[in-house]
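A.B. asks: Let the sequences and hints guide you as you build the complete structure.
Chains A and E supply the protein sequences, listed in that same order. Here the numbering used here is used: position 20 in the first sequence is 21, and no number is missing along the way. Here the numbering used here is used: position 338 in the second sequence is 404, and no number is missing along the way.
Treat the hints loosely; a few may be bogus.
Claimed, not checked - Pairs of lysine to aspartate or glutamate, EDC-like flavour, derived with a Cα cap of 20 angstroms:
no.: 1; chain 1: E; residue 1: Lys383; chain 2: A; residue 2: Glu435
no.: 2; chain 1: A; residue 1: Lys438; chain 2: E; residue 2: Asp549
no.: 3; chain 1: A; residue 1: Lys422; chain 2: E; residue 2: Asp384
As the list claims (entries may be wrong) - These stretches of chain A come out as covered by chain E in the derived footprint (C-beta under 8 angstroms, 3 or more residues):
no.: 4; region: 97 to 104
no.: 5; region: 179 to 187
no.: 6; region: 217 to 226
no.: 7; region: 261 to 268
no.: 8; region: 418 to 431
To be verified - Partner residues are not named here, just some residues of chain E that face chain A (Cβ under 7 angstroms, in silico):
no.: 9; residue: Ala262
no.: 10; residue: Trp263
no.: 11; residue: Thr264
no.: 12; residue: Gln278
no.: 13; residue: Ala289
no.: 14; residue: Glu330
no.: 15; residue: Val374
no.: 16; residue: Ala375
no.: 17; residue: Arg382
no.: 18; residue: Leu387
no.: 19; residue: Gln394
no.: 20; residue: Ile430
no.: 21; residue: Thr575
no.: 22; residue: Asn593
no.: 23; residue: Thr598
No wet-lab data here; the hints were simulated from the structure. For every residue, glycine included, the Cβ atom is placed at its ideal position computed from N, Cα and C.
These are the residues of each chain, in order.
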Amino acid sequence: MRKAAALLFALAALPSIAQERVILIRNATVLTITNGKIENGSVLIRGTKIAAVGKDIAAPANAQVIDATGKFVMPGIIDTHSHTAVEGSVNEISLPNTGMVRIGDVLTADDISAYRQLAGGTTTALVLHGSANSIGGQSQIAKWKWGHPVSEWLVQGAPRTIKFALGENPKSANFRPPEGTPRQYPATRMGVEEVIRKSFIDARDYMAEWDEYEAKRKRNEPAIPPRRDLLMETMADILRGNIDVHSHCYRSDEIMMLLNLSDEMGFKVRELQHVLEGFKVAKEIAAHGVGGGTFIDWWGYKAEAYDATPYNVALMVKNGVLTSVNSDSDELARHLNHDAAKSMKYGGLTEDEALRLCTINPAKQLRLDNRIGSIEVGKDADLAIWTAHPLSIYARVDTTMIEGEIVFDRQKDLQQREAMKREKDERLKKEADEAKKDKNGKKEKKDA
Amino acid sequence: MRPAAEVSMNLRRLVAVCLFLAAPAVFADAPGVYAITGGTVHPVSGPAIENGVVIIRDGLIEAVGKNDIALPRDATPIDVKGAHVYPGLIDAQTSLGFTAPAPRRGFGGGGGGGARRETEQTPEPAPDTLAIRTVKISDDDADARRATGVTTIITASAAGIFNGQSVVLNLGNGPIESRVIKSPASMQLSFNPRPAWTYPDSLMGVISYMRQTMMDAQQHQTARDIYERNPSGLRRPAENPSLEALRPVLARTLPVVFVADSEEMIRRAQVIAREFNLNYMIAGARQGYAMANELKNIPVLVSVRWPVAPSDENDRKDQPLRVIRFRQLAPTTPFALQKAGAQFALVSGAGKTGDFLPGIRKAIANGLSADDALRATTLAPARIFGFDRQLGTLERGKIANVVVSDKPIFDEKAKVTHVFVDGREIRLPRDDAKKAETAASPIDGTWNVTVRATQGSVAISVTLHAEDGQLTGTYTGDRGSGDIRGGTFDGTTFEFTISATAQNAAETTDWVFHGTLSGTTVQGNVNTTLGTFEFSGSKSR
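C.D. replies: Pasting the structure below:
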C-alpha cells in the first residue's frame, strides 16, 4: 500500500463491475497526505473508492477522464467541530446532562451551508450538540452528500460520539435563563466536574441494576426488567467504549480536570475541542493520547479565551498532540485550508504538517482514518480538485467529490445559478400576477 | 405524567357521564323526517344523481335515489332545486374546541417516567388526556364550521408533545357526549419543544422524549404483565395511567397521528413509528409532494392551510428560492398523493375555519379533481379512522349528516344553504352574524417589532392572526423568516416562538416572545439562549 507503483498493479486485479463509476483524474499534483506529493499524478476512482494512485495510470476504456493539469488534488477536508445542517436548536438546554438527545435525529438535507462547504473542499464533519450543558447530546459524523436524503449523510459504521463541555458555557455564564426560571445547576467549574462524575457513578449503578436483573433471569428467579433509560444507556456506552467523548474546553486547569476525571471514572476522551490553552498542558494531553481540535487565531471573545496564542497549534503538534483545525462556524468551515496554512506562519509547521491538520489528523480524531483523510487505495473517494496549492490564499475548488460522486462542480454551479435565477423570477412573477388579480377581484366586489 | 388523584377524579366524571347517557334523553329538537328533493345528490358511494332525493328519518338516512322514490307522507319536504346535496364534510384534524394552554415551566424528567415539578395550573396534555373531556365548542365556532359544510370534526389539543387522544365529534347541538362518533380516535403527537430550560426544549429533545416515553410504556406494560401473572416475590411496579394509556398504541389498536409538515419531519415521524412498530398516520404533510410515493401506504391528513406569500413584493424577492418553491408546490400535494394512490384526507389542521374551503379550492386548482377532493373530505377520512359504516357517504342506514349548497360546494361562490347533523336541521347563522364571527382579532395584522438585544437592536416584522386563543403567522427580518410556533393570545397577552438565526448564521435558536397588546402597540420580553431582552413594536399601516 505504500508505493504508488505497487498500487498501479493492484488496479489490474480489480474486477470490472458493469456500470460502476470509473473516474480518472490525471496530470494533477496529488497531495496524498500520507505518502507525500506526486507531481503529474493520477487518481483512479472505481465506484465509491480510490482504486489507484500514481504517476502513469492508463485510463480504463469506460473512464470519465478529468484533466487536472496545473491543479492540485487533495482529500476532502474534515471538520471536527460543526453545527451545520441541524434543524431546531443545537442545544437541549434544559438539563445539566442531556446525553439522551441525538443530533443524528435532527439533521436536515436542506441547509445550503453544507453545499457551500463542499465549494471549499470540506466533505466530512462532526456535527456536535451545543455547549450549554456539562454533558450535551450525542453528536453525528456526516458527509455533505448534497442532493441525497439526509439519511445517506450519516456515515454508516462511524463511531458514536458525544459532546462534553467545560467552563463558562455549561456553568451558565453565557446562557442566562429567563426571569422567573430558577438558576440552572451547575453554576461553577466545580459543579461541571461534579455533574460529569455523578453521571458516571449513576451509570455504574444503572449497569449494576441491569446485571442484577440478568443474573436473576439466569437463575430463573422472578424478575421485572428495570427501566431502559436513554440517558443512562448513553453514559454506560461511554464507559463501555462505544461512544467517543469530544469535549469543549478552554482553560488548562479544566483540561487537566477532565483528563484526571477520565482516568478516575474509566472513560476515554477522544478530542479536546477549542482547547485554546492546550499549549500549556500539551505534554499531558499527548500522554493521555487525546487529540486537540482548535482555531488558529480566534480568541478574546470571552474571559476564558483571553490567554490564547496562534502558536497553540504548532506547540501542540510539536509536543505530540494529534491536532486539527476546526470551524465551529458555517463560514470558517468553507476555508479550513486557510487555517491550516496559517500554522506555517505561526510556529513554522511544514507543508505536510499543515495539510494534515484538516485531513488525516481529524480523520484519526474521528477514528475514521481507515476510510478518509488521505489519498490511498481502498479509501473513500472523497476528494477536491483545487486550482492552486490549497495552502495558497489564491486556491479555489473546481470539483469536489464524495465517494466518487461529484457533489460540487464550479462550472455546473455557475450554470445552475442562471437556471435558479430564472426559476425564481418566474415564480415571483406568478405571485405578482396573482396578487394583482386578487386586488382587482376585491375591487370588483367593492364596486359591485 | 398526571397525578393519579386527578385521573381517578376524571374516571369518576366518566362514570357520571355514562350514567347520564344511560338515562333516556329528551331533546326539544328531536330528529324529524325530511325529504330533500330537486337537487343533484352526490352520495360519494356512487355517481351523482340529478334531481335526486334524500330521505332522513330519526337521525338516519332512510333512502337515497332518483325522484321516483315515494316520499313518506310524514316527511317535511325541502325543495332544493338546482342545488347540490352532499354528505356532511369531515375535517379530520383540527384543534377546534381547545385553547392553547400557556406553556409550562418546570423541570423535565427523562420522558414518561420522570418526576416533574408542576408550576402552572393548566397541565400539558399527556397520553391519557382525552379530548372528549376537555373539548368546548361554542355555538359560534360550530356555526362557523357548519357554514363551510363541515358537520364532523376530529379534534385534539395542539399543545404539548403528546396532544392526547382525539375525538370524532358531530357538530350538532346538545351535550358533547351525545355528539361523539368515536373516542378515542387516535393518539396525537406533535414535535413541539417546550419553552427554553424545560426538558425537552429542542427538536432533538422532543424526539428523545417521544422515544423514552414509548420505551417507558413498553417497560410499564412488561412490568405490569409480569406482576399480574404472579406477584409473589416481586416488588409491585408503580401505577402510571399515562403510560398505561399507551398500551393500545403499542398493540397497534389505537393509531398514532404524527403532526409533521416538512419532508424531514415526516421522515423523523416514520423513524419513530418503525422503531416502535406503530399503526400511524401523518397530519400536516404540506411537503408531501416531495415524497408522495413513499406515503402511499400511510394515511395522510393534508393540511390545506397553505403557506402564504408575504404581501410586500420586496419581501417576496428577499426570500430564497427554496421558500418560494415550497409555498408554490405545497398545494400540489393532494394531487401528487392522488396520483400515487395514497389514502389521504384534506383537513384544516392549524388553519382558520375560513381557510378550509379556499384551501380545498387551491388543491383543486393544482390538479386535484373536485370528486377526489369530495372523497378526501368525506369517505376517505371516515375510512382512515374506521367510522365509514356510520358516516362519509349518503347511503341508507348511515347517520344523516347532510349539507346542501347552492352551487357545487367547492365553487368559489358556493353558499351552504342547509345543514343536517344527526338528522336535525341546523339553522345557519345569517351572513352578518357570520361576518362578526370571522371579525379580525385586534392582534391581526403586521407588526414591526424591535428587540433590544445586548449586541444591538434586532428588527423583525411579524404578521399575526388570532383565532380560538391560538396565534398563527409568519415572521421575517434580521434573524431570518418562517412560521411562528406555539402562539397563544388571550385578548391582551400573547406568546409565540420563532427560530432565530444567530448572527454568525451558524445556528438557529428559539426566541420566545411574551408580550402584551395595547391598541396599536405591543411590548414585552424575548427569552433566548443568550438571555432575556425587551421588545416593543407597532402595527404597520
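A.B. asks: Can you name, in rising order, the numbers of the hints this structure does not satisfy?
C.D. replies: 2, 7, 15, 20
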